[in-house]
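Enquirer: Given next are the chains, with one letter for each unit.
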Amino acid sequence: MSKYHLDHLEQLESEAIHILREVAGQFEKPALLFSGGKDSITLFHLALKAFRPGRFPFPLVHIDTGHNFQEALDFRDALAEKKGEKLIVRYVADTIRQKNLSEPKGKFASRNALQTYTLLDTIQEFGFDACIGGARRDEEKARAKERIFSVRDEFGQWDPKLQRPELWNTYNGRIHKGENVRVFPISNWTELDIWNYIRRENIELPSIYFAHDREVLEHEGQLVALSEFIQREETDKISIRRVRYRTVGDMTCTAAVESDATTIDAIISEIIATKTSERGETRIDDKVSEAAMEDRKKSGYF
Amino acid sequence: MDILRFITAGSVDDGKSTLIGRLLYDSKSIMIDQLEAIEKQTRNREEGDIDLALLTDGLRAEREQGITIDVAYKYFSTPKRKFIIADAPGHIQYTRNMVTGASNADLIIILIDARHGVIEQTRRHSIVASLLNIPHVIVAVNKMDMVDYPQDTYNNIVIDYAAVAASLGLPQVTYIPISALHGDNIVDRSERLSWYEGETLLELLENLEVQTDANLVHARFPVQYVIRPQTGLLHDYRGFAGKLISGIYQKGDQVTILPSGLQTRISRIEVGGEEVEEVFAPQSAVLHLEDDIDVSRGDVIVPSHDLPDSTQELDVLLCWMGNKPLAEGNRYLLQINSRQVKSIVKEIRYKLDVNSLQQEALTGTVGLNEVVRATIKTASPVACDTYKHLRVNGGAILIDETSNVTVGACMIQ
Numbered sequence: 109m110s111k112y113h114l115d116h117l118e119q120l121e122s123e124a125i126h127i128l129r130e131v132a133g134q135f136e137k138p139a140l141l142f143s144g145g146k147d148s149i150t151l152f153h154l155a156l157k158a159f160r161p162g163r164f165p166f167p168l169v170h171i172d173t174g175h176n177f178q179e180a181l182d183f184r185d186a187l188a189e190k191k192g193e194k195l196i197v198r199y200v201a202d203t204i205r206q207k208n209l210s211e212p213k214g215k216f217a218s219r220n221a222l223q224t225y226t227l228l229d230t231i232q233e234f235g236f237d238a239c240i241g242g243a244r245r246d247e248e249k250a251r252a253k254e255r256i257f258s259v260r261d262e263f264g265q266w267d268p269k270l271q272r273p274e275l276w277n278t279y280n281g282r283i284h285k286g287e288n289v290r291v292f293p294i295s296n297w298t299e300l301d302i303w304n305y306i307r308r309e310n311i312e313l314p315s316i317y318f319a320h321d322r323e324v325l326e327h328e329g330q331l332v333a334l335s336e337f338i339q340r341e342e343t344d345k346i347s348i349r350r351v352r353y354r355t356v357g358d359m360t361c362t363a364a365v366e367s368d369a370t371t372i373d374a375i376i377s378e379i380i381a382t383k384t385s386e387r388g389e390t391r392i393d394d395k396v397s398e399a400a401m402e403d404r405k406k407s408g409y410f
Numbered sequence: 432m433d434i435l436r437f438i439t440a441g442s443v444d445d446g447k448s449t450l451i452g453r454l455l456y457d458s459k460s461i462m463i464d465q466l467e468a469i470e471k472q473t474r475n476r477e478e479g480d481i482d483l484a485l486l487t488d489g490l491r492a493e494r495e496q497g498i499t500i501d502v503a504y505k506y507f508s509t510p511k512r513k514f515i516i517a518d519a520p521g522h523i524q525y526t527r528n529m530v531t532g533a534s535n536a537d538l539i540i541i542l543i544d545a546r547h548g549v550i551e552q553t554r555r556h557s558i559v560a561s562l563l564n565i566p567h568v569i570v571a572v573n574k575m576d577m578v579d580y581p582q583d584t585y586n587n588i589v590i591d592y593a594a595v596a597a598s599l600g601l602p603q604v605t606y607i608p609i610s611a612l613h614g615d616n617i618v619d620r621s622e623r624l625s626w627y628e629g630e631t632l633l634e635l636l637e638n639l640e641v642q643t644d645a646n647l648v649h650a651r652f653p654v655q656y657v658i659r660p661q662t663g664l665l666h667d668y669r670g671f672a673g674k675l676i677s678g679i680y681q682k683g684d685q686v687t688i689l690p691s692g693l694q695t696r697i698s699r700i701e702v703g704g705e706e707v708e709e710v711f712a713p714q715s716a717v718l719h720l721e722d723d724i725d726v727s728r729g730d731v732i733v734p735s736h737d738l739p740d741s742t743q744e745l746d747v748l749l750c751w752m753g754n755k756p757l758a759e760g761n762r763y764l765l766q767i768n769s770r771q772v773k774s775i776v777k778e779i780r781y782k783l784d785v786n787s788l789q790q791e792a793l794t795g796t797v798g799l800n801e802v803v804r805a806t807i808k809t810a811s812p813v814a815c816d817t818y819k820h821l822r823v824n825g826g827a828i829l830i831d832e833t834s835n836v837t838v839g840a841c842m843i844q
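Order-wise, the sequence lines are chains H and X.
According to my numbering, the residues represented by the first sequence are 109 to 410, in order.
According to my numbering, the residues represented by the second sequence are 432 to 844, in order.
Since the hints were derived computationally from the structure, they do not count as laboratory data.
Keep in mind the model is a prediction, meaning the values are calculated, not measured.
Among the hints, erroneous ones may be present.
Some residues of chain H that are not near chain X, with every Cβ distance over 12 Å (derived) [unchecked claim]:
id: 1; residue: G133
id: 2; residue: A252
id: 3; residue: G281
id: 4; residue: H327
id: 5; residue: I348
id: 6; residue: S367
Restricting the straight-line Cα-Cα distance to at most 27 Å, the calculated cross-link-like pairs of lysine-lysine (DSS-like) are [what the hints assert, rightly or not]:
id: 7; chain 1: X; residue 1: K511; chain 2: H; residue 2: K269
id: 8; chain 1: X; residue 1: K755; chain 2: H; residue 2: K111
id: 9; chain 1: X; residue 1: K459; chain 2: H; residue 2: K285
id: 10; chain 1: X; residue 1: K755; chain 2: H; residue 2: K157
id: 11; chain 1: X; residue 1: K459; chain 2: H; residue 2: K137
id: 12; chain 1: X; residue 1: K459; chain 2: H; residue 2: K383
id: 13; chain 1: X; residue 1: K511; chain 2: H; residue 2: K383
id: 14; chain 1: H; residue 1: K285; chain 2: X; residue 2: K773
Every residue, glycine too, gets a C-beta built ideally from N, C-alpha and C.
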């Protein structure tokens, strides 16, 4: 093989860096949505490669639902501080109070949908014209249809029938005032690509991605961490299990998987062997309807 | 492990979605929960077998209508390769979506229904493949089960298609008989098609050489962004960030900045923050130049001995993607890689019939999905190559400045 050869991870990396730099070149006030989950940590790492020794040409933004895992929040703060990058946090709880929104009800009441309100307010507050996100097309079938530069109207809405053609590696980020673009540099990565890249690049992750003992509630075959955010009932089956998280979202809507994997290698072996998709295994909020994600995106979700 | 990007093209009932579903299913890339979801849906729609096509239809409107409206990207991998499938609609009404999916493809699978042979749609998809210069073509003769697997039917279709390929100058066409519905020759060899001695579809996809398609001869580095930390020790640091879209650069190379024409040398190369001696396509990098000259986003750094055209008049094949018609004299923003310039469509020379490739005189305006040969004048010079010669630096888009929508795809001639 020629020495001028990039393997699949190197090609994906170069593509993502190219997209990040297009954002820097085309927009005046971009932001990187950063939750402390593995996909946004990967984006952070790619941004270091794209812009060092300079600073990021955008702040990190997190929309905190108040239901996040503390481990992910601590990791988020520590990474931003260690690398000297600006972090903006806005709270869904504040939006609920200020805008008199109704808290969702139910056993696993999720603020996932309310996140959109805070996100749109934050976009308006800072005048962000582009928000970089760590969504991947392999996650979900509505995402499989979305462009890398995804234009949203002033209500944050995605119109899947009116997407701009996106040709070659040429990205058209022109928008009218009030609109913004969601940009997805790791669109073409799969879950396994992310883990292989994390291994190759020695990227640090929050501890909850590795096997640990946790008190969980078993609900329709899924393991949900006990927390103050879910309603407990006497009939709940509660036990301590050895688990890890395959994705990190809200504590109310993210399920853990049983695992003994304490290293990246062990996690990769488990993912190769798994028979369930990432979102199917760990997300309670996608099961509501067949088009749950499509509907959320249409109303401004990232 | 490398990456192969391919697109599948077929008309509504050619079994395109079934083929993709079959590739994903037989390569074990479908998870149990996804399968359960489509099983449930198949029941909802009161049909029999699991409908593999449901795996690829992402939007509610598509599932309701049983059609593909926009490109969906699907992923699977084998130990040899990662595959990115652009699943694009085949109907003429969605030519722009197909062009979008085809623009990055290394390969196209053209599906032909064994019962119908080469039809108008086949010809149109092949013309799109040739306009977009997709390097490799696989012709998959599908639904062999419905005609009882005869070799002569297949052979006749191959002969018919070979004539189409020759008339379009398509390089590298490979033929294969399949049944996507039953999985014949997709991942596993088919006994019912024992007369076929070639590789299965997955083997073809795995073994095709694509790395050689990356042009390593003509170096082109469009500048995306200038990195200037302006702090302490890095006060004088000025790095030009971009992706080497083709070719190779080494430290010390003599380069020219276009469109300014200024010359200098590469003094330092960084990849991922590390200094390196050379960089090759398609790596992202930061270049430093020996002289302190004006370079900014939209400029292209090229070797002084290998200059592309730097011109204000482009001869293009233009695929119109706008809902509003195109007429001579219309003004658009033209974007090629990171460069945007004002432009005017000076002359539309003829219209190309995408079903026959016949040149027709233009009467009136150009509508959605039509292809024309046009001359575009730009407000300042554009450093470009011809699309046939160097795809990565020969394709440009037109943007309507009033709506900001991408309305045209230009292949520079």
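Enquirer: Work down the list of hints and note, for each, if the structure agrees.
Expert: Going through the hints against the structure:
1. G133: Label violated. Min Cβ-Cβ 5 Å, cutoff 12 Å.
2. A252: 5 Å, violated
3. G281: 9 Å, violated
4. H327: 16 Å, holds
5. I348: Given a closest Cβ separation of 26 Å, the condition holds.
6. S367: S367 (chain H) is indeed farther than 12 Å from all Cβ atoms of chain X, at 17 Å.
7. X:K511 with H:K269: Distance of about 35 Å is beyond 27 Å: violated.
8. X:K755 with H:K111: Judged against 27 Å, a Cα distance of about 48 Å means the pair is violated.
9. X:K459 with H:K285: 46 Å, violated
10. X:K755 with H:K157: The given pair, whose Cα atoms are some 41 Å apart, is violated under the 27 Å limit.
11. X:K459 with H:K137: Violated, at about 43 Å.
12. X:K459 with H:K383: Holds - the C-alpha atoms of K383 (chain H) and K459 (chain X) are around 9 Å apart, at most 27 Å.
13. X:K511 with H:K383: Holds, because 21 Å separates the two Cα atoms, which is no more than 27 Å.
14. H:K285 with X:K773: Given that 27 Å is the threshold and the Cα spacing comes to 20 Å, the pair holds.
Checked against the numbered hints listed earlier, the structure breaks hints 1, 2, 3, 7, 8, 9, 10, 11; every other hint is satisfied.
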